[in-house]
Amino acid sequence: MLKFGGTSVEDAAAFERVAEIVRAERGAHPVVVVSAMSGVTDALLASVEAASAAELEPHFERHRDVAR
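44 is the number that numbering that gives the first Met the number 0 gives to position 45 of the sequence shown; each next residue is one higher, with no gaps.
I should point out that these hints are in silico values taken from the structure, not numbers from a laboratory.
All figures in this text were calculated on a predicted structure; none of them were measured in a lab.
Check each hint, because a few of them may be wrong.
As the list claims (entries may be wrong) - List time: in silico EDC-like cross-link candidates among lysine to aspartate or glutamate, alpha-carbon distance up to 20 Å:
# : residue 1 : residue 2
1 : K2        : E15
2 : K2        : E24
3 : K2        : E19
Said to hold, decoys possible - Listed next, with one range per pair, are the computed distances between beta-carbon atoms:
# : residue 1 : residue 2 : range
4 : E56       : E19       : 27 to 33 Å
5 : E19       : R61       : 18 to 24 Å
6 : A49       : A23       : 37 to 43 Å
All C-beta atoms, glycine included, are put in the ideal place defined by N, C-alpha and C.
Make the full structure from the sequences, and use the hints.
This is the structure:
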């Protein structure tokens, strides 16, 4: 099992490092567990508390930026 915490997936460079580790272990068919990006869980909880869909856009944008 490979588990990656929030700081392990905090940005695109971190995702690349995680991908390299997973590729290196692929022969072992690992189960991969990935946490939310660093700071996202707290930010999402705050957004839910505010109950405003518009406040979620910065979180969506961050994920889109990393995916690019």
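Outcome of the hint check:
A threshold of 20 Å between alpha carbons decides the hint, and for K2 with E15 the separation of about 15 Å falls inside it, so the pair holds. Between K2 and E24, the direct Cα distance comes to roughly 12 Å. Compliance with the 20 Å bound is thereby established for this hinted pair. With a CA separation close to 14 Å, the supplied pair K2 and E19 stays within the 20 Å bound. About 31 Å separates the C-beta atoms of E56 and E19, a value consistent with the hinted range of 27 to 33 Å.
Separated by about 22 Å at the C-beta atoms, E19 and R61 satisfy the suggested range of 18 to 24 Å. Our hint of 37 to 43 Å for A49 and A23 holds, since their Cβ atoms are close to 41 Å apart.
Checked against the numbered hints given earlier, this structure breaks none of them.
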